[in-house]
Amino acid sequence: MISNVNAEDKLIQKKLPFDQSNLQSSYTLDDGTKIYIEQFERGDRIWEYNSENKSFKELTFVWNFIALAKYCEGIKEKNIYFAQNLEYYLGGGTNIDNQQIRIFSLNDPSPWRDSDLGIVPNIDWAKQFCEFY
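Everything in the sequence shown is counted per the numbering used here, starting at 1 for the first residue and increasing by one.
Simulated from the structure, these hints should not be mistaken for lab results. Mixed in with the good hints there might be a few duds.
Once the Cα atoms are required to be at most 27 Å apart in a straight line, the calculated DSS-like pairs of lysine-lysine come out as [claimed, not checked]:
id : residue 1 : residue 2
1  : K54       : K15
2  : K15       : K34
3  : K34       : K78
4  : K70       : K10
5  : K34       : K10
6  : K34       : K57
7  : K54       : K34
8  : K70       : K34
9  : K127      : K70
10 : K14       : K76
11 : K57       : K14
12 : K78       : K127
13 : K34       : K127
14 : K15       : K76
15 : K10       : K76
Let the sequences and hints guide you as you build the complete structure.
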């Protein structure tokens, strides 16, 4: 059975809508949905694979995808992810060395500071409150 899953994953990866060398990570959600993270020049794209029509849908993009969690204490939504966005100061400039880690819904098409579900100081701290894939 495991070899069938691996064979299916390899077949899906051959159909990725981006170069396979840009595949940062992939996840299988509890409901069987497959999520792929593409790392590209300007950030990370999150893709969902539809097994019924064998197609990919771009869910969103972020500056830096960190991790995907099944759930976290205190957050009602399931299948949430941790990421950083490049945020600019009024008048220009940014702080790229210490970006905030924000939590977003996988279904949020435009993750930004006005749609985050929370922020965490670091991913190690979040591990005590969340179950990760």
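Earlier hints that do not hold, by number: 10, 14 and 15
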